[in-house]
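J.: The chain contents come next:
Number of protein chains: 2
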Amino acid sequence: MQTSQAFTPPNRLLLGPGPSDAAPSVLTALSNPLLGHLDPAFIGMMEEIKSMLRQVFQTENEMTFPVSGTGSAGMEFCFVNLIEPGDDVVVCINGVFGMRMADLATRCGANVIKVEAPWGEIIRPEQVKEAVAGKSPKLIALVHAETSTGALTPAEEISKIAHDAGALMLLDTVTSLGGCEVDIDGWGIDAVYSGTQKCLSCPPGLAPVSLSPKALKIANNRETKVQSWYLDVNLLSGYWGTERVYHHTAPISMNYALHESLRLVLEEGLQTRWARHKANHEKLVAGLKKLGLGIASQEGHQLWQLNAVTVPEETDEAQVRKRLLEEYQIEVGAGLGPMKGKIWRVGLMGESSKTENVDRYLDAMTQILAH
Amino acid sequence: MQTSQAFTPPNRLLLGPGPSDAAPSVLTALSNPLLGHLDPAFIGMMEEIKSMLRQVFQTENEMTFPVSGTGSAGMEFCFVNLIEPGDDVVVCINGVFGMRMADLATRCGANVIKVEAPWGEIIRPEQVKEAVAGKSPKLIALVHAETSTGALTPAEEISKIAHDAGALMLLDTVTSLGGCEVDIDGWGIDAVYSGTQKCLSCPPGLAPVSLSPKALKIANNRETKVQSWYLDVNLLSGYWGTERVYHHTAPISMNYALHESLRLVLEEGLQTRWARHKANHEKLVAGLKKLGLGIASQEGHQLWQLNAVTVPEETDEAQVRKRLLEEYQIEVGAGLGPMKGKIWRVGLMGESSKTENVDRYLDAMTQILAH
Numbered sequence: 051m052q053t054s055q056a057f058t059p060p061n062r063l064l065l066g067p068g069p070s071d072a073a074p075s076v077l078t079a080l081s082n083p084l085l086g087h088l089d090p091a092f093i094g095m096m097e098e099i100k101s102m103l104r105q106v107f108q109t110e111n112e113m114t115f116p117v118s119g120t121g122s123a124g125m126e127f128c129f130v131n132l133i134e135p136g137d138d139v140v141v142c143i144n145g146v147f148g149m150r151m152a153d154l155a156t157r158c159g160a161n162v163i164k165v166e167a168p169w170g171e172i173i174r175p176e177q178v179k180e181a182v183a184g185k186s187p188k189l190i191a192l193v194h195a196e197t198s199t200g201a202l203t204p205a206e207e208i209s210k211i212a213h214d215a216g217a218l219m220l221l222d223t224v225t226s227l228g229g230c231e232v233d234i235d236g237w238g239i240d241a242v243y244s245g246t247q248k249c250l251s252c253p254p255g256l257a258p259v260s261l262s263p264k265a266l267k268i269a270n271n272r273e274t275k276v277q278s279w280y281l282d283v284n285l286l287s288g289y290w291g292t293e294r295v296y297h298h299t300a301p302i303s304m305n306y307a308l309h310e311s312l313r314l315v316l317e318e319g320l321q322t323r324w325a326r327h328k329a330n331h332e333k334l335v336a337g338l339k340k341l342g343l344g345i346a347s348q349e350g351h352q353l354w355q356l357n358a359v360t361v362p363e364e365t366d367e368a369q370v371r372k373r374l375l376e377e378y379q380i381e382v383g384a385g386l387g388p389m390k391g392k393i394w395r396v397g398l399m400g401e402s403s404k405t406e407n408v409d410r411y412l413d414a415m416t417q418i419l420a421h
Numbered sequence: 051m052q053t054s055q056a057f058t059p060p061n062r063l064l065l066g067p068g069p070s071d072a073a074p075s076v077l078t079a080l081s082n083p084l085l086g087h088l089d090p091a092f093i094g095m096m097e098e099i100k101s102m103l104r105q106v107f108q109t110e111n112e113m114t115f116p117v118s119g120t121g122s123a124g125m126e127f128c129f130v131n132l133i134e135p136g137d138d139v140v141v142c143i144n145g146v147f148g149m150r151m152a153d154l155a156t157r158c159g160a161n162v163i164k165v166e167a168p169w170g171e172i173i174r175p176e177q178v179k180e181a182v183a184g185k186s187p188k189l190i191a192l193v194h195a196e197t198s199t200g201a202l203t204p205a206e207e208i209s210k211i212a213h214d215a216g217a218l219m220l221l222d223t224v225t226s227l228g229g230c231e232v233d234i235d236g237w238g239i240d241a242v243y244s245g246t247q248k249c250l251s252c253p254p255g256l257a258p259v260s261l262s263p264k265a266l267k268i269a270n271n272r273e274t275k276v277q278s279w280y281l282d283v284n285l286l287s288g289y290w291g292t293e294r295v296y297h298h299t300a301p302i303s304m305n306y307a308l309h310e311s312l313r314l315v316l317e318e319g320l321q322t323r324w325a326r327h328k329a330n331h332e333k334l335v336a337g338l339k340k341l342g343l344g345i346a347s348q349e350g351h352q353l354w355q356l357n358a359v360t361v362p363e364e365t366d367e368a369q370v371r372k373r374l375l376e377e378y379q380i381e382v383g384a385g386l387g388p389m390k391g392k393i394w395r396v397g398l399m400g401e402s403s404k405t406e407n408v409d410r411y412l413d414a415m416t417q418i419l420a421h
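Keeping their order, the protein sequence lines are chains A and B. In this text, residue positions in the first sequence follow this note's numbering: the first is 51, and each later residue adds one. In this text, residue positions in the second sequence follow this note's numbering: the first is 51, and each later residue adds one.
So that you can see chain A by itself, here it is in the shape it has in the complex:
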């Protein structure tokens, strides 16, 4: 037997595309003693999580709960429950996560109609209108905040187009939830998923989701069985609903952490939290400008919580990232796909969105770029 030494993580400042830093009280909540997943005390806490999630999503959807997997499991939850083989699905693609949705829809047997925009730009409503003209898609899927490019596509108008076409509207809010406005009921979103490790500042491992009554009805009245047992909402609703039928064992500790994270979000207040993200983004952009650096994503649609910082010509992108991590204990992310080597992804999400963190990053960059 070869036993490893106990692991002690280095103390990083997490300014990448996620996870963001977790609040001390969230980490403390994680270390609480375990409960059984059918314990009345745990079930009471599950109810509070559902109620707080509804407030953060701004929805009254009964079917609002955390899927027991990471954000991508939330994406898969939405697609496998709503799509049946042969369905037409419009997928908007302007980055990695749009591509992933198209892949997933295909695995569900959908005919995927792609609406594409260059990476860094947003999806324009007219594009979607054109794509659905004369068609009756079952669902239109859009990434609200593209974590791979830093662009925020407004969802409300596209959602209207979806409903006019008789389609369900699905929104990826992995990086937007808790960092900027997300208004599920106001925008008429039928299915939404998010992750815990971005602007909610909870460790990764759960995927908050919500289905409108209309979406739920469709999932409840499918012709074919949901291809995933683990993510079948018809089974999960028995577990997260009032019956408490055993399905799987919920990740107890992660739910403790989510409960505490949501509490902190609501204690701060949604508007205040969004304003904080905006202010720190603006501070960052102003500081970057002094360094001769800009934001690569489309002007007027740049995310506050995830900044696509342009890499100056003749600068070794990976080397700067490495020095930030090794010399300054600051994590930022690399670009993906066509943006690889061209941007750094600098996250200011949740707990990580602080003025002192912006200063620390700008100071480090000033020193690194000087030498």
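There is no bait here: all hints are sound.
Calculated Cβ distances over 12 Å to all of chain B for the following chain A residues:
1. Ala167
2. Glu176
3. Ala336
4. Lys340
5. Glu349
With a straight-line cut-off of 20 Å between C-alpha atoms, the simulated EDC-like cross-links for lysine to aspartate or glutamate are:
6. Lys185(B) x Glu134(B)
7. Lys275(B) x Glu134(A)
8. Lys275(B) x Asp138(B)
9. Lys267(A) x Glu293(A)
10. Lys339(B) x Glu406(B)
11. Lys275(B) x Asp137(A)
12. Lys100(B) x Glu110(B)
13. Lys340(A) x Glu363(A)
14. Lys390(B) x Asp89(A)
15. Lys339(A) x Glu406(A)
16. Lys275(A) x Glu134(B)
17. Lys372(B) x Glu293(A)
18. Lys179(A) x Glu166(A)
19. Lys275(B) x Asp153(A)
20. Lys390(A) x Glu364(A)
21. Lys390(A) x Glu293(B)
22. Lys390(A) x Asp89(B)
23. Lys404(B) x Glu332(B)
24. Lys185(A) x Asp214(A)
25. Lys372(B) x Asp89(A)
26. Lys188(A) x Glu206(A)
27. Lys392(A) x Glu367(A)
28. Lys210(B) x Glu166(B)
29. Lys188(B) x Glu166(B)
30. Lys267(B) x Glu134(B)
31. Lys328(A) x Asp409(A)
32. Lys164(B) x Glu134(B)
33. Lys100(A) x Asp233(A)
34. Lys275(A) x Asp137(B)
35. Lys390(B) x Glu293(A)
36. Lys372(A) x Glu293(B)
37. Lys372(A) x Asp89(B)
38. Lys275(A) x Asp153(B)
No lab work stands behind these hints, which were simulated from the structure alone. We put the beta carbon where it would ideally sit given N, CA and C, even for glycine.
Chain A is already provided as a structure; the job is to place chain B on it using the hints.
T.: Chain B alone, transformed into the frame defined by chain A:
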């Protein structure tokens, strides 16, 4: 906004079917500050987890890692990767989890050939031999330790039958791993999954899995795409392998906890740990006998870590469980399916398998049954 109060769980002794109690150092590991999931320090820890998991599974399979979901996600991982529509699959059913495997195989498009035994009994090798006679199934699936009934079906002989029939052998070790002998390579198991919250005494949220090179080759050379994006081993191997291609964000904190749990398992030593589970089971059985209570599962094949304790006639099963929880802070589980109301499921798993816990449970039962 309605913010909930911070949640403080009551202090239970977890003697149910899982989760079991976590060791203090595992809970402490959970509260370590987060790292990015591509941080070299985290990647180094992932390698140690893989290496320790191989030792606990007793396998040299390269493809050994924790799926980012609970035990049921591990089950789904094995089925979706190995099964294609139209495959013949033999599923052994002697409890809830065999039934679940049959359901899952069906969702993958398999033709399921069922081999059934009464709940509480084991699957006999002759039954499997009979079922495969003249057939060429792709896979034979067996639950090693049936958590719903407390029966341990020996896997080695059935695995030989699988290989003689040219089939892959799949084993569910959710409740067995870390509590009694599990010898993946010695028994010739091609695909195995487990959970963290049973005899590994780590909180629920991850599913250790392992695929033999033969199983992996089959998954790598499918005719159809894996129906799950989240669980596709062809994508996951890029993330957990040497390339570190971004797939999803691993649950950082849960992996800290698993690292520490595996360390404790190996520090104790597998044989010592199994012997401890056996000794505490025997102590429990002897104590139950004095109370006039027995074990409902098949003589000679009773699990050490999960005891199906018979409910005496005219005793209100649910009332006893409720009193144990409320008056003694002890959680035990209810029976499921045909065993509902007839047994209590008393887990002595991992950290919960202690002589003082057996005493505490027996004392409580003595008092409750007297009044």
